[in-house]
Amino acid sequence: MTYEDYLAGDPVILTAALTGGVHGKEANPNLPETPEEIGRAAAEAEAAGASVVHLHARRPNGERSFSTERFQEIDDAVRRYADDVIIQHSTGGTAAPDDHRARPLRTDPAPEMASLDMGPLNRYDRLTSENTRGLVDDLYDEMRTRGIKPELEVFNDGHLNEVHGLLERRDLSAPVYATLIFGPGTLTRPTPQNFLNSVANLPPGATFNTLGFGRHQLPFATMGVLFGGHVRVGLEDNIYLRRGELAESNAQLVERVAEISERLGRPVATTDQAREILGLSA
Amino acid sequence: MTCPFSEYRPLPDGDGTPRAYCAAAEEFVQAMRADICNDRYGLDHATDCEIYRANADGEVGNGNESGDAP
Numbered sequence: 001m002t003y004e005d006y007l008a009g010d011p012v013i014l015t016a017a018l019t020g021g022v023h024g025k026e027a028n029p030n031l032p033e034t035p036e037e038i039g040r041a042a043a044e045a046e047a048a049g050a051s052v053v054h055l056h057a058r059r060p061n062g063e064r065s066f067s068t069e070r071f072q073e074i075d076d077a078v079r080r081y082a083d084d085v086i087i088q089h090s091t092g093g094t095a096a097p098d099d100h101r102a103r104p105l106r107t108d109p110a111p112e113m114a115s116l117d118m119g120p121l122n123r124y125d126r127l128t129s130e131n132t133r134g135l136v137d138d139l140y141d142e143m144r145t146r147g148i149k150p151e152l153e154v155f156n157d158g159h160l161n162e163v164h165g166l167l168e169r170r171d172l173s174a175p176v177y178a179t180l181i182f183g184p185g186t187l188t189r190p191t192p193q194n195f196l197n198s199v200a201n202l203p204p205g206a207t208f209n210t211l212g213f214g215r216h217q218l219p220f221a222t223m224g225v226l227f228g229g230h231v232r233v234g235l236e237d238n239i240y241l242r243r244g245e246l247a248e249s250n251a252q253l254v255e256r257v258a259e260i261s262e263r264l265g266r267p268v269a270t271t272d273q274a275r276e277i278l279g280l281s282a
Numbered sequence: 001m002t003c004p005f006s007e008y009r010p011l012p013d014g015d016g017t018p019r020a021y022c023a024a025a026e027e028f029v030q031a032m033r034a035d036i037c038n039d040r041y042g043l044d045h046a047t048d049c050e051i052y053r054a055n056a057d058g059e060v061g062n063g064n065e066s067g068d069a070p
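As you go down the protein sequences, you meet chains A and B in turn. Here the first sequence stands for residues 1 to 282, numbered as in the working numbering. Here the second sequence stands for residues 1 to 70, numbered as in the working numbering.
Read the hints as simulated data drawn from the structure, not as lab findings. Errors might be hidden in some of the hints.
Among the chain B residues that face chain A by a calculated CB cut under 8 Å, a handful are [what the hints assert, rightly or not]:
id: 1; residue: Y41
id: 2; residue: E50
id: 3; residue: N55
id: 4; residue: D57
Covered by chain A, per the in silico footprint, the following chain B stretches (three or more residues, Cβ under 8 Å) [said to hold, decoys possible]:
id: 5; segment: 8 to 18
id: 6; segment: 22 to 31
id: 7; segment: 43 to 49
For glycine and all other residues, C-beta sits at the position ideal for the given N, C-alpha and C.
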């Protein structure tokens with residue numbers, strides 16, 4: 001995907017990362033945590049232009065959960081409130097045992113998509129999200145068995161090597177869909193040069209999604225639009241609308257990037273268009 | 001054993017659900033950090049939490065009968 005794709009005016013898939021697993025209402029009281037809140041937030045994000053919702057699960061008190069049952073409750077709520085949004089489960093999770101990481105894949109029906117972290121990243125001072133190749137392969141194999149489209153999460157350029165490695169080890173269905181992530185710490189340093197470099201190092205034919213953490217969310221979303229990619233925004237990755245002002249909702253963040261995309265000449269993809277672009281079965 | 005600095009309090013803005021609160025940092029903890037506070041998934045607050053490590057020597061184990069020495 002390139003600037004030529006931008007000029008062609010191809011639709012942009014907007015993904016809303018509604019809640020995440022790191023922070024909660026202590027960071028932004030508008031961040032949804034319960035299945036009911038997540039379901040309503042998904043519907044609002046869909047109405048604002050999101051065709052994909054990226055989901056994590058929480059315990060009743062807002063702490064992380066990896067349980068299949070909790071993901072099921074969330075999916076049921078999303079389907080109850082939203083129209084036809086694509087459900088994407090996270091399989092990420094720092095320090096969680098490997099068997100916990102696969103549990104989000106086991107809902108009924110399976111999610112249409114699931115994230116697949118491509119390698120390790122540091123958390124705080126003494127924790128690492130390991131994401132060994134063995135775990136990546138195991139999660140991918142279960143996704144393949146259940147007909148789940150992997151969203152390859154690329155936290156830095158080393159993880160781009162891992163994408164190429166996964167393609168050598170496994171036969172991924174086209175198109176390969178990778179989320180390029182920019183921000184602090186283990187993430188790729190958030191500069192325009194690095195964005196272009198990451199895009200250039202994707203496998204041929206791959207589609208990409210753009211994710212900037214915190215204050216980088218808006219500029220990297222815009223670059224994603226301009227260079228033919230897709231965009232993820234949401235309270236998981238950024239709790240502010242602008243400096244010092246908490247976002248009111250996920251939908252507010254989606255609406256802002258939808259407006260930018262439309263103004264720059266790329267329409268926001270409908271859910272049907274998103275399914276076609278991503279090669280999802282109807 | 002959970003972290004001796006951990007408490008559960010409701011958020012001040014009306015969320016009545018008790019949430020992990022770090023009495024050392026004097027703030028509510030992130031959802032993921034709560035796993036460390038509670039020593040879930042093989043985590044250990046004494047080795048994995050920099051806040052605990054920075055505060056443990058001065059706050060616990062100094063004659064406090066209820067404290068757990070690090």
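Any hints this thing doesn't respect? Which numbers, in order? Hint check: 3, 4 fail, others pass.
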